[in-house]
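Engineer: Using the hints, put the two chains back together into the complex; each one sits in its own frame.
These are the residues of each chain, in order.
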Amino acid sequence: MGLLTRRRGGRNILLPLFLISFLFAKLEWEKQIHRMYQLEGTNKSIERFFKNLNIPYKSDTVYVFMVPPMVAARVEIGINSFIQHLRKQSIKNDIILLAISNKRRATEKYLERRRFLADYQKIVNEEFLKFFYFSGSIFEVPFVTKFYLPKGELLSSFSLMGKIDSITVSEFIADLSKPKIKRETISLKKVKIKGEKYKPIFVKKLKLYDTEEHPLSSTFYISINPSGTYLALRDNLSYSVYIFDLITGKMLNVLYPDSIEERMFVNVPENIYVILKKMNVLNPMYFNPQFYDDTTIFISASLPRIEIDIKGKDTNISYFNARCLIRKSIFSNKILKYLLFKQPPLDISYLIKHTDISVIPQTGLIFALFSKGWPYGGEVLDELKIPPEENPFTNEFYKEHLYQFAIYDSEVNFLCFLGRLNKQFEELKMGYFLCDGFVKFYGDKYYLTDRYSGIVYIYNQKFNLLDSIILFENSSLVSPSISYSKDPVGYLVEAYKKNFKRRILDFLLSDGFGYALIKEEEQPVIYKINLKERKVRKIILPIKIEGKKINYYILRKTNIGSVVSALLENLEETFYIEFKLP
Amino acid sequence: MVKYINNLFFLFLIIGFLIIGFLFIPIRSEAVTITIYGHGGIQLVPPKVCPDSGGKCAEIVFSASNGNEIVIQDANTGQKYLVILEEPLPADATEVQGADLKIKIIEPLEE
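Protein chains in written order, with our numbering: chain A, 1 to 582; chain B, 1 to 111.
The shape of chain B in the complex, shown without the other chains (with noise of 0.2 Å):
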């Protein structure tokens, strides 16, 4: 029963989204770049990595486009959501109608 009322829940969500306009705040990017640094030389005792500011540490690079998880929120509402887009998002855009949007949601963000 509980199932039920979540998928019923999941399945209300979806179709809020197909119908209002989203406001979208995403990483409005193609590629990010994490860069780490820190001292991250080898230290035996006791063995910490990168605790210091200094040197680079470590390079992550990543699409921003899809794939990756983004927070989107509600115009109306203003509750946001952590989702994955399953096809990149739109050029330049800041506000597109939840239709336009391929999406998976991962979970409601608490303020």
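If we strip away everything but chain A, and leave its shape as in the complex, we get (with noise of 0.2 Å):
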């Protein structure tokens, strides 16, 4: 019995206390922004997955853990202690962890990092999410979950983001509420993207030879030295950059954040210290790998800062992210210099996203997203709690403080803010919802955009507004059908599905010719239009090349002319292309 449950009066009342829960207050996962639903006429596809993964079942019911392995690092601390208080209530049944990626040597490595204490570890394809619904359309935190295994049923899900408590999880073992979905619950139809089709020919494929000890697994940022001779990206799975050389393909060098700088604001005793380290707690991550130079990069990065409050018998540790940029050679792990994000102070609750930076070397400017309001936090927007200014779906909220960018200089000394939140998302009431956009330096302006909205907007270096570039227009905006009081995060994810189709992935600009490199639904465009005449050519990219799928990263200038570059990925292998633009 767990000591929370002693302290609040012991076994005997638990159960009033539960049946008292029931009555007036919401369950904990009620209150979850993140939730899962078993998708109707699947069960039979369970059932004959569960046989397939080979385990002595000793229990028809079992518990599953289902994880994105790394998206949510910090919440999977959640997965041991709440195996823990099951095997503390006495439950007997299998556990199951099943980390839920396509890259199986990257996620082995992964599991052996984390030591979970399930009775059962499985790598399973993402496939296996075909089954089911997440209220934030994709899966990206990690839920515990009951099977019944004979009839392939779902019997209950909760989102790790949750409180995990004694409480919790009696709660939990208790549940049966089955959560099912009809499918398709918003119908959108596919429409065929036109525009000239394009046969990329290599000017370079290069195999990129990862390790045993760093097996490469997937990136959402990749960054090319001026010279074009290294690539910097940043594995998924281990927070890490790894450092490729682009003659060789061989993995040179892998930044990673060493023991000072996950100490840097943990400030704990040694051996509180080795506990939160063996309990997963602290994780260091890295994000945007970018080159200043040939051979320096700045890196954003989320160190931990752990704060330790003792009252008498309890203890609190809060685990806060420190927002750092970190300045590192290429050839070492050593830091050459660590500057912390500062955060102007405003009269309302926002957040400055380092995790997206735009570093500009030329001028030495770093710009960062600025965001405001819910969704924040795990939970679901409660209008008592959260004020009119925090919440998109009040015009109270669009009064003021609606910038795109923080600017710091080259210290991370805050300078202003610049631009404003695309006037759709506030048609919308999508509030920062899709907070997203980047920054690059031509000649001598700024060329900033939200990537949504089409608009690339061209500031001086005094920051005054010159003009715009159109590379589209979304057409006129459709209302969900979803109401936002009902439901607020099906609201926003169908504003944005109905509306938002179209995300710029990079901006160049060349030879008197802008290129936007664009993901249209799922298909990879470039528009190229004639900043004279201002029209648009639209050039379809191929999704697929040799059976491998293409992943379009960025865009830039070489010897040869202005090349994209991509990755080119199967289960086993990764590919570094580089094609001309057409």
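In short, the hints are calculated from the structure, not lab data.
Think of the CB as a built atom: it goes at the ideal place given N, C-alpha and C, for glycine as much as any other residue.
Among the hints, erroneous ones may be present.
[What the hints assert, rightly or not] Simulated DEER-style distance windows between Cβ atoms:
(1) A:Asn52 <-> B:Pro108: 33 to 41 Å
(2) B:Pro108 <-> A:Lys549: 39 to 47 Å
(3) A:Asn267 <-> B:Pro108: 42 to 50 Å
(4) A:Ile260 <-> B:Pro108: 46 to 54 Å
[To be verified] Partial chain B-side listing against chain A, Cβ under 10 Å, derived:
(5) Ile34
(6) Ala58
(7) Ser63
Structural biologist: Structure below.
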């Protein structure tokens, strides 16, 4: 029996307490923003799936942790704690952990590092997710679930972003709500993208050789040094930056948060540090690497900031992210410089998103995204708790502080805010749900975009707006069918899916043309705009080549002209490719 | 043979625990709460959870008294071990005799 239960009065009063909580309070998962449902008509497939895992089940009901490895790294610390609570509450059923990832080697390494306490740990392909629906439309947090194997039925699901204590675990054990949903809650027509088809001719194709110690998984961020000799990418499963030599394809170095960085903001006694580390609590994370020159790199990072408060017999450990910018040489893991992002005081609660920064070496400036308001935290919208200026569904939200970027100098001193929230987000009352964007610098001007409006704004170095380039215009806005008062997350997701089908991945200015790499629905497209005539040409890029999926990242100028940089991937191999812009 | 030696090693280790005194360095608490703060809302592209400080993402409450991993240190050699306590710690203990403890050794810790 967990100690909390004893503190609340012992086993004999636990049941009445539950009954009271059922009557008067929302269960912990009813407050959760992240929810998971089984899709109707999938029972047989799920039954088969569990059979094929080849586990000698000793119970018909199994507890299954469904984990997107390292997507919510810090939330994963709840896994072992939840398992311990289950065992303390005499649960003898099989406990299984499913690491859901297509990158087997990298996931094996991840499981080795994380030391989960489940009875069985399996790596399963992302195909398994097709049997479920997630409130945020994608699988982005770990869930604990309960399945009844003979019927292939999901009995209960709970996102680990909530509160995990003996009460929650007891509620979860008792829950048989069978969260189920019909397929295709939002029907969207698939549109064929029009444009000229382009068959790229590679100017470079290079296999990337990772190592056994550092297997490559996938990445959201890549950067290439000005000479085009090194590639830096942030590996999604290790939160480290891998440096590859673009002549040989070999892994040159791995930049990772070392023990100095890990402990920089952790001011706790040694023994507690050791325990936190063993419990996977300390998760230093690297995000967006950007070459500053040929051999040094800026990396935005979240380092653990731990505060400890001991009150009587209870210990409260608070885990924040210290938001840093770290500069390293690509040849060594030693820090050359680290800087903390400072947040200027405003009379509202807001965030500077240090994860997606734009570093401009020519002027030494750093642009970070500004964001405010719900959805934040892990909870559903509670209008009683959230002030109107932080609630995107009120008019008060849009009265002031609608910035797009916070600008910092190279020492990460705040200079000013720049840009404005996309007006279409305001019209649809989406707030900063699609908080996104980047900045490029060509000639002596800054080019800013929020990625979704289709507009690139041009500013001079005094931050005066000079002009804009319209790459595309979104058709007239369609209001979601879901009411935001009933299902605010569903409303936001539908508003996004119905209205913002194009996202700008990168923008390049070259020889009187603007080039934008755009993902339109799932189709990668180049928009080539003649800057004098403002005429746009659309060129359709392939989704697959040689049976491998292409992930497009950046556009850049080289000695042979402007090129697209992309990664060509299958389950086992990754290739770096370049081809000339059409 | 290797297995036999390993078993023997742990047997001696456990006997050692029963003889010598241990300096305790546990989290001297009944309930430990770990609260993770961050921007844990939904983000579609790229999917990211809790990258920034801000709201509350998750809260994990557990008992540190038993069933959880703690570190103990051999008062003589200074060697630390990660162990699981199988019975609660004596209240306010800082130093106890090994015989008072029921523990399961997980692993010796490197400095």
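Engineer: For each hint, tell me whether it holds in the structure or not.
Structural biologist: Structure-based check of all given hints:
With their beta carbons about 39 Å apart, Asn52 (chain A) and Pro108 (chain B) fall inside the hinted range of 33 to 41 Å. One distance hint, 39 to 47 Å for the beta-carbon pair Pro108 (chain B) and Lys549 (chain A), holds here, with the actual separation near 45 Å. Between Asn267 (chain A) and Pro108 (chain B) the C-beta distance comes to about 26 Å, which lies outside the given range of 42 to 50 Å. Look at Ile260 (chain A) against Pro108 (chain B): about 24 Å separates their beta carbons, and that is not inside 46 to 54 Å.
For Ile34 (chain B), the interface hint holds, since its Cβ comes within 10 Å of a Cβ in chain A; the closest pair sits about 5 Å apart. Against a cut-off of 10 Å between C-beta atoms, the interface hint on Ala58 (chain B) holds, since the closest Cβ of chain A lies about 5 Å away. Hint on Ser63 (chain B) holds. Least Cβ distance to chain A is approximately 4 Å, under the 10 Å limit.
In summary, the numbered hints that this structure violates are 3 and 4.
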